[in-house]
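Peer 1: Produce the complete structure using the sequences and hints provided.
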Amino acid sequence: MTATTTAPVATTPVPATRPPSARLRAWATRAPLLPALIFMIVVTQLPFVATLVISFFDWNALYPDARHFTGLDNYQEVLTDADLRHSVWTTVLLTVAVVLAGLVLGLVLALLLDRRFRGRGVVRTLLIAPFLVVPVAAALLWKHVLYNPEYGLFNGLLHYVGGPQPDWISTTPLLAVEASLVWQWTPFMMLILLAGLQSRDHEQIEAARVDGASDWQIFVHLTLPHLRRYLELGALLGSIYIVQNFDAVFTITSGGLGTANLPYTVYQSFYQAHENGLASAAGVLVVIGSIVIATFALRVVSSLFREEVSRA
Amino acid sequence: MSAPPGNVIRRNGLGLLAWLAGIVFFLPIAWMALTSFHSETDAATNPPSFAASLTLDGYREFFGAGGGASPWPALVNSTVASVASTLLVLLLALPAAYALSVDRVRKWTDVLFFFLSTKMLPVVAGLLPVYLFARNAGMLDNIWLLVVLYTSMNLPIAVWMMQSFLAEIPVAVIEAARVDGARLPTVLTRIVAPIALPGIAATALICFIFSWNELLFARVLTGVVAETAPVFLTGFITSQGLFLAKVCAASLVISLPVLAAGFAAQDKLVQGLSLGAVK
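Protein chains in written order, with numbering that gives the first Met the number 0: chain B, 0 to 311; chain D, 0 to 278.
Source of the hints: derived by calculation from the structure; they are not laboratory data.
Think of the CB as a built atom: it goes at the ideal place given N, C-alpha and C, for glycine as much as any other residue.
Wrong hints could be hidden among the right ones.
Simulated coverage check for chain B against chain D, where a stretch passes if three residues somewhere in it have a Cβ under 8 Å from a Cβ of chain D [stated by the list, open to error]:
id, segment
1, 86 to 95
2, 180 to 186
Listed below are the simulated SDA-like cross-link pairs for lysine to any residue, each with C-alpha atoms no more than 20 Å apart in a straight line [said to hold, decoys possible]:
id, chain 1, residue 1, chain 2, residue 2
3, D, 267, D, 256
4, D, 267, D, 200
5, D, 267, D, 252
6, D, 267, B, 199
7, D, 267, B, 304
8, D, 267, D, 180
9, D, 106, B, 91
10, D, 267, B, 23
11, D, 106, B, 22
Peer 2: Structure (structure tokens):
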């Protein structure tokens with residue numbers, strides 16, 4: 000990074016279209032960027048290319064000599080395998096449920112927090128806390144301390160009102176995983192939406208109120224349209240994180256009872272079944288799914304970003 | 000200022016509702032904390048014993064007093080992985096963010112979005128080749144492999160956050176200093192650093208949180224030597240008789256650094272989590 004010092008002035012005449020001083024200057028500008036850029040390409044892009052290549056091979060790690068090229072067979076197997084198809088469906092259900100519930104709850108909480116009241120800072124801190132529990136610890140907390148049918152808190156509280164004593168994880172496994180994730184991710188949604196609420200044009204709202212608009216009308220016609228992009232951003236970032244969720248599924252149900260999502264299935268197919276080719280094909284499918292979401296996400300981020308750049 | 004009485008009631012009602020929501024969301028954590036100070040028999044009662052006597056036995060058990068595995072190696076590993084990767088992230092991201100905000104390269108937005116796009120590549124997409132590479136290179140169960148991976152995981156977030164913090168520095172001030180003959184190191188230490196320091200601190204805290212929390216890489220790539228705190232926690236997935244107080248103590252102790260870092264970075268948390276898109 001020594002190149003960041005100003006380029007020396009060229010003394011010899013040069014026939015090149017661009018004088019070397021300008022070229023040096025351009026490289027001096029680029030130099031600070033290069034270490035980070037090269038690091039990212041090597042550590043994130045190369046493994047993905049390798050995954051892509053491996054996905055075209057029939058390769059079980061227990062029989063390394065039998066490795067051979069199979070074209071798209073792995074993809075066909077992944078897409079026709081009942082378990083894997085089920086895990087695709089589980090991933091979609093899990094992601095959609097958690098993101099939607101998180102957004103709705105997060106919006107309600109953000110609206111409550113956007114008003115002035117005694118102890119607002121404390122309530123904000125209480126609400127953020129679930130997001131700041133280590134994900135595995137949060138999953139353990141739900142699995143053992145809340146859901147346990149014999150001595151968990153939920154059944155303990157139900158006991159007081161003479162309610163039933165269900166075995167939460169066995170009867171509704173996917174819902175059990177979803178509830179714990181909604182608890183952790185609602186604060187995230189709330190923070191994004193609260194930032195959106197606080198960036199509203201307050202003069203416009205005051206003007207609408209003077210003109211006799213009701214709170215509900217202001218919410219529907221001014222607040223929601225303004226929040227639209229923040230809702231999109233929350234939904235898309237939330238999707239990106241929750242599509243990849245491994246911790247909660249691994250901890251609460253260990254992928255059993257029909258809760259195995261794609262990341263868990265990929266983990267299992269190479270870590271336990273040693274099916275490298277199949278795991279890679281499934282991994283590539285996860286990437287394709289993420290790219291679809293990410294394309295939308297990038298568009299939202301870039302529109303927010305451009306707005307900011309033009310404002311600056 | 001006298002508001003109509005209906006408004007006062009409604010305002011207080013909504014404030015009360017906010018408090019209620021805060022308490023409901025915090026309840027599992029409060030219950031976890033209380034349970035961690037109960038004896039194992041008091042922790043496993045139905046109905047729950049709220050007023051049972053308090054003890055530190057859960058914590059003693061967690062730290063290995065009962066003959067179980069000590070969590071210290073895992074806590075040390077997590078600290079090394081999180082702190083070292085955060086330092087490496089700062090080392091790489093600071094100059095990059097400088098080239099994307101103060102002294103900008105051409106097409107700087109494209110570069111910025113390249114960094115963001117790598118964040119959207121799921122971890123599982125590269126997990127197998129990384130595992131195969133680590134096995135062949137003898138890097139399995141080595142904490143420094145996690146340091147490299149966590150750096151790549153957090154670098155995009157850090158570049159985005161820091162470029163948005165650095166972009167807040169008025170260019171005119173920097174140019175004026177340059178005209179006055181100040182050289183780059185002077186500009187960096189006298190002008191850029193003081194304005195950017197709070198943002199850099201928040202970035203570091205958020206990177207620390209993500210590294211500390213990570214499970215999938217650590218689970219696949221470490222064993223007995225380089226095991227991190229979340230991997231240690233996975234030892235509690237299957238029930239081991241009466242162990243609720245111990246689980247609660249473990250979860251709380253291992254979450255404490257994240258809670259502390261998160262509250263310290265509270266004001267910049269959204270900006271970091273939304274990759275700088277929301278201020």
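Peer 1: Take the hints in turn and mark each one as holding or not.
Peer 2: Hints and how they fare:
no.	hint	in the structure
1	86 to 95	violated (count 0)
2	180 to 186	holds (count 3)
3	267/D - 256/D	holds (17 Å)
4	267/D - 200/D	holds (10 Å)
5	267/D - 252/D	violated (24 Å)
6	267/D - 199/B	holds (19 Å)
7	267/D - 304/B	holds (17 Å)
8	267/D - 180/D	violated (34 Å)
9	106/D - 91/B	violated (36 Å)
10	267/D - 23/B	violated (37 Å)
11	106/D - 22/B	holds (16 Å)
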